[in-house]
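Protein chains in written order, with the working numbering: chain Z, 1 to 357; chain V, 1 to 304; chain G, 1 to 162.
Calculated from the structure, these hints are not laboratory results.
Just so you know, even glycine gets a beta-carbon here, dropped at the ideal spot from N, CA and C.
Just so you know, not all the hints are guaranteed correct.
What the hints assert, rightly or not - Residues from chain Z shown here face chain V by an in silico Cβ test under 8 Å; the list is partial:
1) 26
2) 128
3) 327
To be verified - As a list, the in silico SDA-like pairs of lysine to any residue whose alpha-carbon atoms are at most 20 Å apart:
4) G/56 x G/42
5) G/56 x V/88
6) V/88 x Z/77
7) G/79 x G/42
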Amino acid sequence: MTTVAVAPVSPRRREHPVPWKAMARVTWLQRRSTLIGLLLVFVACGVAIVVGQAGTHATYASFVANGCVQNRFHVPCVTFENWFAESTDLFSAMVIALHVVPVVIGVFVGAPLLSRELESGTFRFTWTQGVGRSRAVVTTLVILALFVTVATCVLGLVLNWFAHPFEVIGIESQWQSGLFDTTGPMLAAWTLFGLTLGTFLGALIGRTVAAMAVTAAIVGGLLVASFVWLVARLEAIGALATNRLMPMGLNVGQLNVPGSQVNGPVGSWLVRAWFTGPGGKRLDASAASNVIGRMYGGPATGKVGPSRWLSVHHYIYWVSYQPASRFWVFQVIAAAILVVLAALLAFATVRIVARRA
Amino acid sequence: MNVVETSRLAKRYRRTWALRDCNLAVPAGRIVALVGPNGAGKTTLLHCAVGLCTATNGSITVLGDLGAGSLEALERVAFVAQDAPLYKYLSVRSMVAVTRNLNSRFDQAQAEERLRGLEIPPDRKVGKLSGGQRAQLALTLALARGPDLLVLDEPLARLDPLARHDFMALVMAAVAASGFSVIFSSHVVSELERFADYLIVLANGRVQMVGDIDDLLTSHKVLSGPAEESDLVGEQFTVVQTRKATRHAEILVRTTGESQLPGGWESDDVSLEELVLAYLRDPSASMLPGPLATDELEVGEVAR
Amino acid sequence: MRIDKEVCEPEALVPSMVFRLEPRSGVPTYLQLVHQVEHALRLGYLIHGDQLPRVKDVVASLSINPNTVLKAYRDLEQKGLTIGRPGQGTFIAASPETVGLEQLTSLRRSLASGWLKQAAAAGLDEQGTIALFMAALRDFHDRPVESRPARRDGRQRRVGAA
Numbered sequence: 001m002t003t004v005a006v007a008p009v010s011p012r013r014r015e016h017p018v019p020w021k022a023m024a025r026v027t028w029l030q031r032r033s034t035l036i037g038l039l040l041v042f043v044a045c046g047v048a049i050v051v052g053q054a055g056t057h058a059t060y061a062s063f064v065a066n067g068c069v070q071n072r073f074h075v076p077c078v079t080f081e082n083w084f085a086e087s088t089d090l091f092s093a094m095v096i097a098l099h100v101v102p103v104v105i106g107v108f109v110g111a112p113l114l115s116r117e118l119e120s121g122t123f124r125f126t127w128t129q130g131v132g133r134s135r136a137v138v139t140t141l142v143i144l145a146l147f148v149t150v151a152t153c154v155l156g157l158v159l160n161w162f163a164h165p166f167e168v169i170g171i172e173s174q175w176q177s178g179l180f181d182t183t184g185p186m187l188a189a190w191t192l193f194g195l196t197l198g199t200f201l202g203a204l205i206g207r208t209v210a211a212m213a214v215t216a217a218i219v220g221g222l223l224v225a226s227f228v229w230l231v232a233r234l235e236a237i238g239a240l241a242t243n244r245l246m247p248m249g250l251n252v253g254q255l256n257v258p259g260s261q262v263n264g265p266v267g268s269w270l271v272r273a274w275f276t277g278p279g280g281k282r283l284d285a286s287a288a289s290n291v292i293g294r295m296y297g298g299p300a301t302g303k304v305g306p307s308r309w310l311s312v313h314h315y316i317y318w319v320s321y322q323p324a325s326r327f328w329v330f331q332v333i334a335a336a337i338l339v340v341l342a343a344l345l346a347f348a349t350v351r352i353v354a355r356r357a
Numbered sequence: 001m002n003v004v005e006t007s008r009l010a011k012r013y014r015r016t017w018a019l020r021d022c023n024l025a026v027p028a029g030r031i032v033a034l035v036g037p038n039g040a041g042k043t044t045l046l047h048c049a050v051g052l053c054t055a056t057n058g059s060i061t062v063l064g065d066l067g068a069g070s071l072e073a074l075e076r077v078a079f080v081a082q083d084a085p086l087y088k089y090l091s092v093r094s095m096v097a098v099t100r101n102l103n104s105r106f107d108q109a110q111a112e113e114r115l116r117g118l119e120i121p122p123d124r125k126v127g128k129l130s131g132g133q134r135a136q137l138a139l140t141l142a143l144a145r146g147p148d149l150l151v152l153d154e155p156l157a158r159l160d161p162l163a164r165h166d167f168m169a170l171v172m173a174a175v176a177a178s179g180f181s182v183i184f185s186s187h188v189v190s191e192l193e194r195f196a197d198y199l200i201v202l203a204n205g206r207v208q209m210v211g212d213i214d215d216l217l218t219s220h221k222v223l224s225g226p227a228e229e230s231d232l233v234g235e236q237f238t239v240v241q242t243r244k245a246t247r248h249a250e251i252l253v254r255t256t257g258e259s260q261l262p263g264g265w266e267s268d269d270v271s272l273e274e275l276v277l278a279y280l281r282d283p284s285a286s287m288l289p290g291p292l293a294t295d296e297l298e299v300g301e302v303a304r
Numbered sequence: 001m002r003i004d005k006e007v008c009e010p011e012a013l014v015p016s017m018v019f020r021l022e023p024r025s026g027v028p029t030y031l032q033l034v035h036q037v038e039h040a041l042r043l044g045y046l047i048h049g050d051q052l053p054r055v056k057d058v059v060a061s062l063s064i065n066p067n068t069v070l071k072a073y074r075d076l077e078q079k080g081l082t083i084g085r086p087g088q089g090t091f092i093a094a095s096p097e098t099v100g101l102e103q104l105t106s107l108r109r110s111l112a113s114g115w116l117k118q119a120a121a122a123g124l125d126e127q128g129t130i131a132l133f134m135a136a137l138r139d140f141h142d143r144p145v146e147s148r149p150a151r152r153d154g155r156q157r158r159v160g161a162a
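Please work from the sequences and hints to get the whole structure.
Here you go:
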């Protein structure tokens, strides 16, 4: 039968206010080089983005000046569009770079936070100082969380600003998983998750290298999963359906931008498309591509247009979509999931520290 | 006030009991030596006192009625762990700053003055200090917190003789100036007498002997006399250890000073080292502890 | 190094008394301090009005328990050899009948050429000589050591029927 002697919670706790400023100084002294390194990396990313997008914003200014936003088929607009279509390299590189940020923070700030103390034995010094081990861990975590949240929010906003012209033109979209996960709030949420997961694993495993490896694997893995599948899966939930859009094919996932030739909700995110046949039955992939082939390949289509051809043959082209206004709902849901996970991990970490005997 | 008080304190790590049924009532204002062989449980006992581990059974309080490891206790108890762990990558100056910020009470001026006196350069990285210097730094930081109880875990183990002298001189001078209590552990008995005035002997997780060193030395004598009369002695005195030769025997006894020596027997004083070794050799010889403040507890109960 | 510092600091006051400890002599530390003060007094190294070193200075130089020094100083005060002035320190208060330096030298010479020579001739080694001398000294001063249970006055051995 194991019982633990617990110090009674005394009213004197009020005489021990949490020393935030002091702990901030301690965190700074202990993590100086890491924090400076991170700051430099963030600033470098920011500078790269700001410098790299100079051309983009100039071209965009001309795009707007020529009235291309309203009418795409103005002559110079096509040139601008092509320019954008060919200038996505730096943009993609930055999106990928920002995906690495939560992993880097989890591995280099989170994982060593407690594991180094445990491995080197300095916890026998730190946890016997007047501040107490729980308060030391909590304050350090909160201070670091604030720092990374602010820094990554700013970074995400800078990327968003870079992405805006691409979004207006319709080449990229904030609904796409790459940009979805790297908006200001989402990048901060992922980073908080990475930080707290790293700290938790560091406290649990007690070995720095192992904690860093597992953190990298989990955070990196989840980010990849999010990029490849999770975001798309989330965005498919509760999608509305419409049959009034021009048939384009089955590969959707793009914005219904103003000025393009499709009717339908402007600025919405098109999730999926399918055909239903004469009996209302949904066509499978091969039958659908067959229909598309006949629709666009046949001589009769040219005269009547794809929509008339479809109704004559009793096919209906469906598209499911998310209205533009729902974007922030999804951002909030995704961020909330990550923040709740981060909070749970933080609680678990403090608990591990408090109970370690 | 008892600076450390334990009641049936026991600590188990997985399957081994590091401490069993320890009852202690150490009065304040003493310099306490905690001795015992390696693996006796000294570090465990000290860790329990400073809140680094929690008891499996029983209770431990410090500085009167403060729970060991409570915030109040952490403020007033300073600890230097084995090998004086500090942040190796920080400069001495930063290490002092960290300690100052981790405590509400810290005498920066005193710390700086001591470090100057010890000739420890403030800009050197802690990891580049010698073992003796690091121990001195850890001690300086602990003393600057102005503790009421200073706990040292085998502070001299890895120090050369000069470093040992300087370290203990610093502790003794600080006690002379401020009058706090000290508990330090050691597995070397011979040097204790000059530092300590209170002794706790631990073996196999149990308290074998405890008390004021002066009292312990006055209350133990070595009686030597004819071997065949050993039992006579055993009837009159509490025997700690008997060593027999062909015709004579040497018996270490515990006495109140009032018993009469049988004729033909001589009485001699015993040294601290002899005494400690005798108790360590015989696990069944156990000296009753000083006055206990708490009631008896059932195994598994915890005193609050 | 500490030693160099003491030599190079011109303002460092020279203490009136330098203590030495023999940790393995069997004599309790505080008694060693008391005896050294008495010895110094006898030899004239300490005179009336001299201030004994402060407790913390003795502690720092010898690295011993402060209580030990306090005990020694209390003992000296009890014996009337010193007087403590609060806030100032402990001062030598008496001049015990000092045996003059020349008398000491002649005593020592007579001991070496007389009794010690005889003891060596009889075959006594150093330890045996010491034991015999201590026994004789005790007999001479007629001090029943066993009848003082509360105080320890050094290693006691009642040499009975050996």
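How the hints compare with the structure:
no.	hint	verdict
1	26	holds, 5 Å
2	128	holds, 4 Å
3	327	violated, 44 Å
4	G/56 x G/42	violated, 25 Å
5	G/56 x V/88	violated, 32 Å
6	V/88 x Z/77	violated, 62 Å
7	G/79 x G/42	holds, 15 Å
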